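Undergrad: Here's the letter readout for the chains.
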Amino acid sequence: MNESIELSEILPIIAPIIVIQLILMVIALILCAKAEKTRGPKWVWVLIIIFVNLVGPIAFFIAGRRSD
Amino acid sequence: MSSTALRQKSSTEGKASISSSFSRYIVMVEKELLELVRSFKLLWVPLVFILLGIMQPVTTYYMPVILMQTGGLPEGTVIEMPMPLGAEVLAQTLQQFSTIGILVLVLVCMGTVSSERNSGAASLILVKPISVLAFIGSKWTAMLILTWGSLSTGYLASWYYTGLLIGTVPFAKMASSLLVYGLWLTFVITVTILFSSLLRSPAAAAFCAIGGTLALSLLISLFPKALGWSPGALSGFASQAVVSEITNSGRFGLAIVVTVISIAVFVLISSAVLKRSSTVD
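Top line first, the protein sequences correspond to chains A and B.
Position one of the first sequence corresponds to residue 1 (our numbering), numbered consecutively onward.
Position one of the second sequence corresponds to residue 1001 (our numbering), numbered consecutively onward.
Looking at chain A on its own, in the form it has when it is part of the complex:
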């Protein structure tokens, strides 16, 4: 059974997933930078957005910004 993963075979399938996650991350970072107030310190949010995959940006979009 030949289960060796060939990168050239996987990359076109995985690439859209990575690109979408990158776009989400960039939007979240831009909004985080522009936000006047965030719930909790801003640098924590930046770390969450960058290091928690997919859930991090979504969590910031929903709960991160404080509107007044």
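Since the hints were derived computationally from the structure, they do not count as laboratory data.
Be aware that one or more of the hints could be misleading.
[Said to hold, decoys possible] On the chain B side, residues computed to face chain A include the following (Cβ under 8 Å):
#, residue
1, L1033
2, V1037
3, F1040
4, L1047
5, I1054
6, M1055
7, V1058
[To be verified] Beyond 12 Å from chain B on every Cβ pair, some chain A residues (computed):
#, residue
8, S8
9, E36
10, T38
11, P41
12, I48
13, V52
None of these values were measured; they are calculated from a predicted model.
All residues carry an ideal CB built from backbone N, CA and C; glycine is no exception.
Knowing the structure of chain A, use the given hints to seat chain B on it.
TA: Frame of chain A, contents of chain B only:
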């Protein structure tokens, strides 16, 4: 003082002409859409749905490899896994939408009415000659565009990937299940807007909406025959539509009629609630 005078004036003007109130409604919808664009919601919610949709066929396709890499299996283990049919993968995608997708949509939608009431924006707008129904209706329409747009792009992406990796599914089957599932999501959004106008706190509204839809789905899985006509059965019908044929067409038709009627009633109730409470304010 002046606001009550304006309100009385607006109520007499409200009967003026249907066309002008309709054009006001269109303007309100445009404002809501602009708000969705400005907050990037019209971008990130569809992206999340596309990601959810793509993940399902890809993880199904690579499941043997993933198990080999991460499972810590002994050397030489042969994993024989039957590759599911394409339609089954699409049904699993719908399950992903039912959990994470609904959570995201409800959380996005939870503050539509209540946060504007809390900040006072709602009473500022409603002082102008705009009917409460147009106010609620514009928010409902904008959320509907967001919901259907996200669902269709995500489901189409999933359909495309499933066809690429696992097996093709006829477009008509996919489209019919998309329509049925979209109706269910519309119901969920309407319930969220209803709770958002009933309750002051967005978090409480989201909690009630998610709890309500969860309870509905749970009741349906417990009593499928007795409650097969209720809106909650629609997600099951959507999976049926893509995997096979819809078996119980009588119950299915009833479920659609009940859902459409309850959506209309909920929109009317939320505007009635808002009308009463905003005049008290």
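Undergrad: Going back to the hint list, which numbers does this structure go against?
TA: 1, 2
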